[in-house]
Amino acid sequence: MNMTITSYKKRLQQLQPLIALFLLCLIIAIFSDRFMTVTNLWNVMRQISVNICIAVGMTLVIISAGIDLSVGSILAFAGAVTASFLSMGAEIPFFGIYIGFTPLGAILVGITMGGVLGLVNGWVITYFKVQPFVATLAMLTIARGLTMLWTQGYPISSLGKEFASLGTGWFLGVPIPVWIAAIVTLLAVFVMKKTRFGRYIYAIGGNERAARLSGIKVNRVKTLVYMLSGMLAAVGGILVTSRLDSAQPNAGMGYELDAIAAVVIGGTSLSGGRGLIMGTVLGAIIIGVLNNGLVLLGVSPFWQQVVKGLVILIAVIIDRSQHKDKK
Amino acid sequence: MVSLRNITKQFNGVYALRDVSIEFPAAKVIALVGENGAGKSTLMNILSGVYADYEGELVYQNDVVRFQGPRDAQDYGITIIHQELNLIPYLSVVENIFLGRELITPWGALDTPKMKTVAKQLLSRLKLELDLDTPVSQLKVGECQLIEIAKALLVESEVVIMDEPTSAISESEVYALYDIIRDLKASGKTVVYISHKMKELFTLADEYVVLRDGQVVQQGLMAEVNEQQLVNMMVGRTLAERVECGERVTDKAVLRVNHLSLLHPLKEDMLLEDLSFELCKGEILGIFGLMGAGRTELLETLFGLRGKPATGSFSFDEEEVSFFSSPNEALRWGLALVPEDRKSDGLVLGMDVRSNLTLSVLSSLEKLGVLADVQEKELCRQYVERLRIKTATDQQYVGHLSGGNQQKVVLAKYLATQPKVLMLDEPTRGIDVYAKGEIYDLIREQAAAGLGVIVVSSELPELFAVADRILVMCDGRITKQFKTEEATEESILQAALPDK
Ligand SMILES: Nc1ncnc2c1ncn2[C@@H]1O[C@H](COP(=O)(O)OP(=O)(O)OP(=O)(O)O)[C@@H](O)[C@H]1O
Ligand SMILES: [Mg+2]
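Listed in order, the protein sequences are those of chains A and B. Going by this note's numbering, the first sequence opens with residue 1, and the numbers climb by one from there. Going by this note's numbering, the second sequence opens with residue 1001, and the numbers climb by one from there.
Derived from the structure by calculation, the hints contain no laboratory data. A hint or two may mislead.
[Unchecked claim] Cross-link-like lysine-lysine pairs, in silico, DSS-like; alpha carbons within 30 Å at most:
#, chain 1, residue 1, chain 2, residue 2
1, B, K1199, B, K1189
2, B, K1267, A, K194
3, B, K1028, B, K1252
4, A, K161, A, K193
5, B, K1185, A, K194
6, B, K1189, B, K1252
7, B, K1028, A, K194
8, A, K217, B, K1420
9, A, K129, B, K1199
10, A, K217, B, K1483
11, A, K129, B, K1267
12, B, K1483, B, K1252
[Stated by the list, open to error] Across the chosen pairs, the derived CB separations fall in these ranges:
#, chain 1, residue 1, chain 2, residue 2, range
13, B, G1369, A, L172, 25 to 31 Å
14, A, G298, B, D1063, 32 to 38 Å
15, A, T141, B, P1498, 53 to 59 Å
16, A, I317, B, E1489, 42 to 48 Å
17, B, G1369, A, I27, 49 to 55 Å
18, A, L41, B, L1110, 56 to 62 Å
19, B, D1213, A, R209, 48 to 54 Å
20, B, V1370, A, S158, 41 to 47 Å
21, B, T1112, A, R209, 46 to 52 Å
[To be verified] Sample of chain B residues with no beta-carbon within 10 Å of chain A, all distances over it, derived:
#, residue
22, N1062
23, D1063
24, V1065
25, L1110
26, S1326
27, A1330
28, D1345
29, L1347
30, E1366
31, V1370
32, T1417
33, Q1418
For every residue, glycine included, the Cβ atom is placed at its ideal position computed from N, Cα and C.
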């Protein structure tokens, strides 16, 4: 009987972010009649999708007790690469060869690029034993620089209707980016819950040495995690590029912070080993709704930042007080 | 004087302690005994202020008190040496000893020279010679345990609780601790001593309290019981007959180590020097040595944790191998190591019992890339039953198990890999007397099934109980080999001491 009470309590705790989100929506809806409209809500969701993609990757990284600061820059780079491959094909320097790409081809190249940069992150971290914070901080600068080099600092625009529909289109009454975010989420939930790889990520984040002694190829798993994070950042980059129909060289600046915030609000511990994908998704939605609400309520942009920071703090404090026995 | 009255404590609806009342008189050493998971550590955590939410009351010098944390309890004069190590790996020995109680010069700077002097004195009382500036991450588990003791001795207290302070220290190294405990007693302090080593309890304790399933079942004077009676009280059932497996040692070598040497990673020094030995199928080989003899290093080298050895090679199951480059490779070949320190090497504390137990065999539980839930649960259930791991469900956090049960989970994790050679580094650290017997049976059973087993232990009785052959190591070298029947305690200890 006692067990049912505790599991009931546990269930309630898991619901807490949902309740918080509900209250948040309620408050905004009371003060602004533009919030609860179909157009606005889909718009918000469309915007949130990008952060969800990035934050899901970030969750994997953080559960493995790492961090990935480079996602914003990787997003920009992947967006730029995709855009340039789309708009003019790739002109390979020195050879003068010109190859054209279908949107799908260009997208795959973009995602691959993200994966490659993520792989470099993972390699530097595992092979040279550089701390994730430092390695990905370096990548943050490097990838941004590469983006500038690639674009020469100019946006790449007019990418074709087909590509633009990815970011702005609808499928079965739901924006396509939302579909993509949903698929990414479901896949990640599946991987974390049902596969060996997911279990290994938790184990490595919880106790890397014990994981290694259990025969886990720690370096390989970690590298893969950073690669996935890079690929998901690239997906985000492609969505952003497509929505704007333009790849901006300074796209995605500061996105890593929003992603980390979503992860943290979702109850994932920055020290690794604990966390849930669904928590992150809720976290991302809370941030997105909050952003939208603050705008609708006419709060000044300066105050918006303060409020956002406070929300992150409160979320974490509540979470910590519930998990204090688990450290 | 301190007493506990009607203490009840539950975790998520599961009782760890039920209506426990005990008095701890001054100037006495009280042995608190019980099986793994009986509730000893939980009770002591209440006494020392770690848990503030419990039912019942704690009376200290005639006042009812409720400590609001370990520091609060310490200020009242109650100190605890915890069962699990709590040192900060990258801080040095002195820094750890003085953590939170640093000595300060009149103008606010750290008074390092003074701290070092005090630390040196403390360690010399424990007969421990160490460079005070070494980070504790470079020390052995046993040394860490001694530092925990030193830390506790730093504060003057009326009640000193020791929760398995010697689980990683060998018998010949605990005498210094005995002296300290006698000093404490002579100066009127209360010492509560938890240990699964009967010999220690009978040497030290004046009184005993037996806990079983969270309740006090018996208390009395140590002089009035013998070991068998005490064990029976703890277990509460008559012990099953031990099974002997008969002849199981074969002459087929499964592991052959040739001239293995290992360099010290930092110093120009050998950690292991020219080791050669052989292990047959079905054989249990004991390795004895004092702290720093190189036992753990030997096992870790074989297991692929120490990189390429300076010289030597080994053959495994009739195949020549130069060395294993990672635990993954070793495990794939069928060589498993149950590590010494469960908290840092053995377990992922934040994961549940099931995930920990199956971590080493997940690939075999996969179907089309998806983990097979049913098989995983079944595997876990088997081992929980076989090793009698006391856990509420298989989804309990492993960090919430009692120390001995955590150890069993580590053991199960590596047994599950079904190795050909099983290396055990202090396999019964923190395991109660009865369960120890069961684990020895299990080791014998495994050997009878054709496994080669290496047991490293600093407890001679343990080696006498399980090993067929005993290697003695000292300073990275094998100094002697014995057949167990021919070995005596003296001859082994003599071989283990440096510079004869
Ligand atoms: N934080 C916790 N959450 C849930 N259950 C716990 C927690 N701490 C202890 N328990 C449970 O309480 C019981 C008593 O544990 P305790 O650590 O006191 O045992 P012990 O007598 O010290 O055993 P050992 O000899 O193995 O150290 C165990 O069944 C354990 O699983
Ligand atoms: Mg205990």
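Unmet hints by their number, sorted upward, for this structure: 2, 3, 4, 5, 6, 7, 9, 10, 14, 16, 17, 19, 21, 26, 27, 28, 29, 30, 31, 32
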